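**Q** Sequence:
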Amino acid sequence: MDAAVAEVIEPGGGRKNRPAVACRFPACADAIGFGSSSPPVLPFMRIGAAASCLSLVVAVAFAPGGSWSVAAPIPVRLQEHTGALLGGQIYIAGGFDSSDAPTRVAYRYDPAHDTWARIADLPADRHHMPLAVVGDTLYAAGGLEGQQFIPQTTLWIYRADRNTWETRAPLPAPRGASAAVADNGKLIVVGGFGLNRTLLDSIAVYDPGTNHWVNRAPIPTPRDHLTAAVAGGIVYAIGGRPLDPGRNYDVVEAYDPATDHWSTKSPMPSRRGGLASAVVGGMIHTFGGERRDGVFANHEVYDPARDAWTLAAPMPTARHGLAAVAVGDRIFVIGGGPKAGSAQTSVVEVWR
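Residue numbers for the sequence shown follow my numbering, beginning at 154 and rising by one.
Read the hints as simulated data drawn from the structure, not as lab findings. It should be emphasised that the depicted structure is a prediction, and the values quoted were computed from it without experimental measurement. Any given hint could be a false lead.
To be verified - Label-pair distances were calculated between CB atoms; the ranges are: (1) Arg350 - Ala493: 11 to 21 Å; (2) Ala225 - Asp360: 16 to 26 Å; (3) Ala254 - Gly218: 36 to 46 Å; (4) Lys339 - Gly435: 13 to 23 Å; (5) Asn337 - Ser252: 16 to 26 Å; (6) Ala493 - Ala225: 32 to 42 Å; (7) Asp413 - Ser222: 34 to 44 Å; (8) Pro373 - Ser252: 18 to 28 Å; (9) Arg400 - Gly338: 32 to 42 Å; (10) Ala322 - Gly386: 38 to 48 Å.
Note that CB positions come from ideal geometry on N, CA and C, so glycine has one too.
Required output: the full structure, derived from the provided sequences and hints.
**A** The structure is reproduced here in structure tokens:
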């Protein structure tokens, strides 16, 4: 396809140059986003208030190289879990199991041997709970409990040497469906919702040295089911939604912990919530997501240095509520829901 830019009429009548690509689907995706429940997936842009099947051409560049392979599946099917890398091993914890029940299970994956091992269960069931590694410690922050999706304040750490979970100072407020990253020795939790399904705009920052939390500058666009990643000392909050999978966001906002300041960056090519991300070579790869009537296989890559997006080969298995963890130059995309709402898979696919 030849590169081009389509002028898009934004809500309210404003005009903006946005990426576009010919619609290749039997039927167009709805106006809230784009993608397909089965690969390959190429996004198309919305023209005016309705989706259009005009023969548009790609404006977002396609990422060169890379391919997908399959790794050993998780021992159980899971969705709404997250993952993190500690000591060269991938850890995942919580989520919903194949009976649609919230779970306490946790697993460790050895990329060198392509094997999974079950580790100590979480102290209580959790789903929509972010994991992050600060230094040599794995943290599990907040999350939702039970079928009632009750936000929690718990902060747990995993002691790999003892195979135990321990409790640390609780978050300032209950929070679930958020994202967590590590930067400069701190744990940073952003987005999500609290009690009464209220979207949270505060950033909660935890200092392991003092076992204390502080709230920092609020995120400009409060949202849940977002993903976050750190590149070059900047935290990028990507996608998400305002509680409704029918209103996904393409927004990207960058937080500088050194100045406690937010800025707006180029939006994702697609509007997605329930997605995952991982960083390789300074590039932020985003995967999957959910809309009201389906899931995404989209794999879109953000270059912070250029503030630009490229499209990469979509995931072989479209899904949401998944984990993505980088190990060297590989990204392991783990589990998730292969259809909107409650559904689970054990598949693990690897991008390299």
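**Q** Falls inside 32 to 42 Å, the C-beta gap from Arg400 to Gly338?
**A** holds (36 Å)
**Q** Using the beta carbons of Ala493 and Ala225, state whether their distance is inside 32 to 42 Å or not.
**A** Given range 32 to 42 Å: violated, Cβ gap about 27 Å.
**Q** Can the suggested window of 34 to 44 Å be confirmed for the beta-carbon pair Asp413 and Ser222?
**A** Given range 34 to 44 Å: holds, Cβ gap about 41 Å.
**Q** Against the range 11 to 21 Å, how does the distance between the Cβ atoms of Arg350 and Ala493 compare: consistent or not?
**A** With a Cβ separation near 19 Å, Arg350 and Ala493 satisfy 11 to 21 Å, so the hint holds.
**Q** Can you let me know if the beta-carbon spacing of Pro373 and Ser252 is within 18 to 28 Å?
**A** violated (39 Å)
**Q** If you check the beta carbons of Ala254 and Gly218, does the distance land in 36 to 46 Å?
**A** Because 41 Å falls inside the window, the suggested range holds.
**Q** If you check the beta carbons of Lys339 and Gly435, does the distance land in 13 to 23 Å?
**A** holds (20 Å)
**Q** Honestly, do Asn337 and Ser252 meet the 16 to 26 Å range at C-beta?
**A** violated (41 Å)
**Q** Given a hint of 38 to 48 Å, does the C-beta separation of Ala322 and Gly386 actually sit inside it?
**A** For Ala322 and Gly386 the Cβ distance comes to about 25 Å; the hint is violated.
**Q** Holds or violated: 16 to 26 Å for the Cβ distance of Ala225 and Asp360?
**A** violated (37 Å)
In this structure, the earlier hints numbered 2, 5, 6, 8, 10 are contradicted, and the remaining ones agree with it.
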